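J.: The lines below spell out each chain.
Number of protein chains: 2
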Amino acid sequence: MKVIMNTIEKPYLLYLGTSDSDLSIKTCRGIAQWRPEFCIGQYYTGSSDLTVGLKQMYPKEAKENGAKTMIIGLANSGGRISKSWIADIIEAIEAGLDIASGLHEKLSDIEEIQTAALKHKRKLHDIRHHKGHLPVGNGKKRSGKRILTIGTDCAVGKMYTALALEKEMKKRGFDADFVATGQTGILIKGEGISIDAVLADFISGAVELLSPDNKPEHWDIIEGQGSLFNPSFAGVSTGLLHGAQSDYLILCHEANRINIKDLEGFKVPNLKECINTNLSLAKLTNPNVKLLGVSLNCRKLNKVEAYKQIEDIENRLSLPCVDPMLTGVSKIVDSII
Amino acid sequence: MKVIMNTIEKPYLLYLGTSDSDLSIKTCRGIAQWRPEFCIGQYYTGSSDLTVGLKQMYPKEAKENGAKTMIIGLANSGGRISKSWIADIIEAIEAGLDIASGLHEKLSDIEEIQTAALKHKRKLHDIRHHKGHLPVGNGKKRSGKRILTIGTDCAVGKMYTALALEKEMKKRGFDADFVATGQTGILIKGEGISIDAVLADFISGAVELLSPDNKPEHWDIIEGQGSLFNPSFAGVSTGLLHGAQSDYLILCHEANRINIKDLEGFKVPNLKECINTNLSLAKLTNPNVKLLGVSLNCRKLNKVEAYKQIEDIENRLSLPCVDPMLTGVSKIVDSII
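Going down the list, the sequences are from chains A and B. The first sequence: position 36 = 36 (the working numbering), numbered continuously. The second sequence: position 231 = 231 (the working numbering), numbered continuously.
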């Protein structure tokens with residue numbers, strides 16, 4: 001299976017680019033937070049004091065310290081490779097590092113980068129662009145257990161919740177693995193498929209490939225994408241739901257979000273409605289699917305209000321509700337046992 | 001809008017290939033049936049008596065009679081361009097025809113074909129491969145009216161029903177247009193986007209592009225794809241449902257089909273369940289969506305049994321049920337008025 005997935009060699013040098021915007025290094029911050037053991041250092045060539053808390057080093061120094069890949073984990077509008085990064089990327093290639101990028105524009109489409117990579121025999125990973133043949137989903141029952149994070153909308157904490165769950169389950173001795181389906185997740189995990197960028201016919205097939213048969217006691221914690229209630233991306237969410245064949249779903253929601261992100265006239269669904277619709281579709285490939293709990297992203301609330309809303313949801317749904325940042329996810333893991 | 005869609009110049013010479021299998025010319029047969037006015041002739045270079053009932057002619061003769069494009073409307077396993085067709089395709093290019101193919105393998109990936117097209121300044125249309133930038137769906141209310149054919153499964157008659165409906169509505173003076181979302185539909189219509197082959201993030205956006213704002217009295221009859229109950233392709237169906245923003249759905253079903261096509265262990269849903277799930281998802285982008293009726297594909301029944309099943313469905317659902325081949329679709333058009 002791994003052959004056709006994006007497999008990126010670790011450890012990493014995190015490239016923070018040249019901008020002074022904290023938002024631009026969101027993906028690097030995610031990697032440094034969730035996989036500090038994969039990170040040798042950071043390389044920032046701008047003029048501010050931007051940092052993800054790692055040691056600042058040049059590619060050559062990173063290579064000497066064992067780094068294998070420099071990660072372009074940068075977000076900018078349009079997903080373009082900025083001209084101001086090209087010299088830094090070539091410097092890293094010349095120092096002997098592979099390059100991995102989650103941007104829309106391909107590394108291999110920039111001639112200087114492609115030429116340098118060929119000359120120095122380095123790999124270029126354009127992780128949003130999946131290579132190779134994907135199967136059409138077949139819905140066949142697979143062994144092992146699966147949890148999928150679903151959402152009332154985009155950007156509510158589906159990846160964060162899945163990673164927090166993996167960490168807590170591993171701590172308690174579960175055989176559990178995070179399964180990456182988006183750019184940041186793939187860079188954190190080091191492999192995966194960007195599900196929103198596969199051809200529409202292969203959405204569920206790609207998820208089946210990402211989470212194949214496994215030992216009966218093994219848990220795949222699959223990162224969800226989009227929402228059935230976001231009309232831009234619900235096709236992706238449906239294919240994920242069917243391909244995941246989940247035993248359990250965890251509903252992710254941002255407290256106090258009223259409107260669907262970036263779309264006029266669409267309301268975030270109420271939790272009950274969102275749960276019912278997801279369970280009803282998910283039953284097609286796993287009739288025994290259940291909701292395990294709710295992950296409430298309380299970043300816009302004060303502590304008192306956050307705990308109040310969490311309690312309120314628990315009372316309404318008779319299920320555990322957590323905020324991974326505030327409460328951790330142990331209550332949800334308890335409910336598996 | 002048309003700029004970024006596949007627009008194929010008419011009229012056509014239909015290329016029937018070299019095989020003796022009637023199944024291989026299914027797409028050509030569809031074009032000859034639904035758009036005889038677009039077809040100048042057929043070109044068959046095999047050794048059997050395969051025909052779609054058009055005059056047999058060489059590309060040169062077709063060109064002299066006004067043909068603009070030779071259509072490779074052939075189905076074979078894997079969607080490859082057979083070596084035995086290449087000389088015929090080049091002959092057509094040299095005669096001054098564009099080439100349009102619905103196969104998976106690209107015409108432009110075959111060097112001899114690409115070279116000939118450049119030399120003779122002919123266009124190559126690989127209609128499954130959409131060119132250009134697609135928008136992300138936004139769910140904004142569009143003017144004009146829309147009907148979408150949905151299905152209990154794949155290959156139940158969604159395209160056929162949409163085309164029959166367009167024909168009947170036009171006959172009665174409606175301002176109605178078929179909107180093509182699959183290979184055969186695109187070749188019949190001469191334009192469209194193969195929705196199953198766009199990137200997953202753009203499914204609903206592609207449908208919004210295909211069926212933009214229109215006059216209040218205009219009807220788009222949108223060809224559906226897949227089924228919410230087919231776990232291979234339900235992501236495509238969901239995106240289509242949201243992008244179509246339908247006023248009316250027509251449920252297509254094949255009489256006596258029990259199992260989902262090509263998938264072990266999946267049953268065709270009962271009509272009521274299928275209708276409810278589709279309406280519930282479709283409401284996200286059009287809260288007023290309604291089911292207009294059922295199109296029952298009775299090809300495996302005798303006439304008596306067919307009429308019995310049609311009547312039975314009408315009694316159960318209190319909605320018109322038709323078989324476009326057997327009864328025509330006028331009962332469904334009646335119910336619009």
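Wrong hints could be hidden among the right ones.
The list treats identical chains as interchangeable, and a pair is accepted whether it falls inside one copy or across any two copies.
[To be verified] Derived lysine-lysine pairs resembling DSBU-like cross-links, with alpha carbons at most 30 Å apart:
1. LYS140 with LYS121
2. LYS283 with LYS267
3. LYS140 with LYS119
4. LYS10 with LYS215
5. LYS261 with LYS290
6. LYS331 with LYS68
7. LYS141 with LYS272
8. LYS331 with LYS215
9. LYS131 with LYS83
10. LYS140 with LYS272
11. LYS283 with LYS261
12. LYS68 with LYS272
13. LYS63 with LYS308
14. LYS261 with LYS68
15. LYS261 with LYS140
16. LYS331 with LYS83
17. LYS141 with LYS261
18. LYS267 with LYS145
19. LYS300 with LYS140
20. LYS140 with LYS267
21. LYS272 with LYS290
22. LYS145 with LYS300
Calculated directly from the structure, the hints in this document are not laboratory data. Keep in mind that this is a model prediction, so the values were computed, not measured.
J.: Could you run down the list of hints and mark each one as holding or not?
T.: Hint check:
{"no.": "1", "hint": "LYS140 with LYS121", "result": "neither (40 Å within a copy, 48 Å between copies)"}
{"no.": "2", "hint": "LYS283 with LYS267", "result": "both (25 Å within a copy, 13 Å between copies)"}
{"no.": "3", "hint": "LYS140 with LYS119", "result": "neither (45 Å within a copy, 49 Å between copies)"}
{"no.": "4", "hint": "LYS10 with LYS215", "result": "within (26 Å within a copy, 57 Å between copies)"}
{"no.": "5", "hint": "LYS261 with LYS290", "result": "both (27 Å within a copy, 27 Å between copies)"}
{"no.": "6", "hint": "LYS331 with LYS68", "result": "neither (38 Å within a copy, 67 Å between copies)"}
{"no.": "7", "hint": "LYS141 with LYS272", "result": "both (28 Å within a copy, 26 Å between copies)"}
{"no.": "8", "hint": "LYS331 with LYS215", "result": "within (25 Å within a copy, 55 Å between copies)"}
{"no.": "9", "hint": "LYS131 with LYS83", "result": "both (25 Å within a copy, 26 Å between copies)"}
{"no.": "10", "hint": "LYS140 with LYS272", "result": "both (29 Å within a copy, 25 Å between copies)"}
{"no.": "11", "hint": "LYS283 with LYS261", "result": "both (27 Å within a copy, 19 Å between copies)"}
{"no.": "12", "hint": "LYS68 with LYS272", "result": "neither (46 Å within a copy, 56 Å between copies)"}
{"no.": "13", "hint": "LYS63 with LYS308", "result": "neither (49 Å within a copy, 76 Å between copies)"}
{"no.": "14", "hint": "LYS261 with LYS68", "result": "neither (37 Å within a copy, 46 Å between copies)"}
{"no.": "15", "hint": "LYS261 with LYS140", "result": "between (34 Å within a copy, 14 Å between copies)"}
{"no.": "16", "hint": "LYS331 with LYS83", "result": "neither (47 Å within a copy, 62 Å between copies)"}
{"no.": "17", "hint": "LYS141 with LYS261", "result": "between (34 Å within a copy, 17 Å between copies)"}
{"no.": "18", "hint": "LYS267 with LYS145", "result": "between (33 Å within a copy, 24 Å between copies)"}
{"no.": "19", "hint": "LYS300 with LYS140", "result": "between (42 Å within a copy, 28 Å between copies)"}
{"no.": "20", "hint": "LYS140 with LYS267", "result": "between (35 Å within a copy, 13 Å between copies)"}
{"no.": "21", "hint": "LYS272 with LYS290", "result": "both (13 Å within a copy, 24 Å between copies)"}
{"no.": "22", "hint": "LYS145 with LYS300", "result": "neither (33 Å within a copy, 41 Å between copies)"}
Hints 1, 3, 6, 12, 13, 14, 16 and 22 from the earlier list are contradicted by this structure; the remaining hints agree with it.
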